[in-house]
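Enquirer: The sequence shown begins at 494 in my numbering and counts up one residue at a time.
Worth flagging that the hints you see were computed from the coordinates, not collected in a lab. In this text the structure is predicted, and so the values were computed from the model without any measurement. Please note that the accuracy of each hint is not assured.
Distance ranges between label pairs, derived from CB positions [unchecked claim]: (1) 684 <-> 621: 16 to 24 Å; (2) 577 <-> 733: 16 to 24 Å; (3) 764 <-> 574: 23 to 31 Å; (4) 549 <-> 616: 17 to 25 Å; (5) 834 <-> 765: 51 to 59 Å.
Using N, Cα and C, we set each Cβ at its ideal position, and we do this for glycine too.
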Amino acid sequence: MSCLSLLLTLITFSAPFQGADLVKDFKRYFKKYEDTATRVEAVLALEEIERPEVAEVLAPILADGDGAVVRACERVLSEFRTEPPIARVAELLGKSKKTPVRVGLLHAIAEGGYGTAADAVEPLLEDQRPEVRRAALVTWAALRGGDAVEALLALVEDKDDAVRSAALDALAGIGSPAVVPAAIANLDHGSWPVRASAISALAKVRSRDSIAPLIERLGKEEGRLQEDIGEALDAITGKSLGRRLSAWESFWERFGDEYQIPTDEELAAMRASRAASRRAYGEGEPGSVSYHGIETPSRSILFVIDVSGSMEQEVVDRERYADGGYPSFRRIDIVKTELARTIDHLEPYVRFNVLTFATELRFWKKGLVPANPLYRSSAVEFVSKLDAIGGRSLEGRGPAAALVAADMAAGKTNTYGALMAALGVDGRRSKKKAKPDAWVDTIFFLSDGRPSVGEYIDTDDIRAEVRRENETRRIVIHTLAIGEFERGFMKSLALESGGVYVDLGK
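Required output: the full structure, derived from the provided sequences and hints.
Expert: Quick look at the structure:
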């Protein structure tokens, strides 16, 4: 036997024993670790160990509550390549009674594509807990594809709105034509996230049968969902008529009887032609709110503004802002001037609020308020008084080191906390908490710096938490970055929620 063959043989036989030792050490030491980074590292140390015991020790940690640790567990549990540990994952799924454990195991099964675990997943489609049903249907769709349609159609009528939305999303993701009548039936649902899912499904699975119901619904909707319907009708027909009801009604009255939707190839050609002839800058549709060039028809808006210490700095690209009428070139002055202008031009039917953040968070009001003259004036005054915490706030305070240190500590960037509060989730470190408003459908998030404080600082962790919390809320997040920022993070944050990303320069 060659030396290389002998070495490979020794590795093959020794790996299981090394894995057993590592699992034993994990059991012994993991509970002693307190910081998230060490706990995540300890979990990931179990990667590539093909032993059922790995599933046994990680499954309970799925109920840990620390998102980063839970995601690490799901990652390891989704990477098995041999049947014994996969079978143990399926077994634990059936035995566990804890909701977060079942949800985490379902996520791992879906991500790992563990087809042999399908029998353990199917009963959970009827679990009493909506969180489990939702995770089960997503997993079932991932494992069964087109064969999952019958079960998903039953869940389209689920009593829980989040499950209903997830079923519509899953059917559309599969591309099943069966989603069309189901989505049409949900266009009149009382929950706007469900209607948003229904509209999105009809846009993805194009059908002539969807056109008339969408046009009818366009006349009943307000705000952001009007835009969603216009985009859905564009996706089906290739006609760029926006949210203009009369234009769509005229189109359908004239062509509806014999209309055939264009093929994918014809649709692509229509869009290419339209893009070529579109002017670089056009006027927005009536009724839109515009902030830094991002337009939205939403009537339920939250502006989230960074007031951390770095907002005190001046912009580098002064030519870009020279003619803007700003009191200075400080980032905070540019941002609050534009925000005040936007608020001052809000229509009375728009409901809005403002959230500022540094280390701590501060809401202007406890919830959305109508943009009547009194609230607009109050908001403009609130915004005009904003300043970078740790910036000018240090002026006139003397050389006392304790005061300077306190201001520096207060002027950090709590990105995670701000985003969670905007979504109606307790992100901690909030001085004045707002009552979660279920009708916020659009967020403008402006920041100039990298996250530096909060429960999560790593941008991948923050994105993962936002995706998880926004999965059922379906809130559009528009991101605006100014100065030294995490470009990839801000761009992904917008794209993953259906929003727009704008780079305001350095």
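Enquirer: Could you run down the list of hints and mark each one as holding or not?
Expert: Evaluated hints:
no.: 1; hint: 684 <-> 621: 16 to 24 Å; verdict: 20 Å, holds
no.: 2; hint: 577 <-> 733: 16 to 24 Å; verdict: 55 Å, violated
no.: 3; hint: 764 <-> 574: 23 to 31 Å; verdict: 42 Å, violated
no.: 4; hint: 549 <-> 616: 17 to 25 Å; verdict: 21 Å, holds
no.: 5; hint: 834 <-> 765: 51 to 59 Å; verdict: 36 Å, violated
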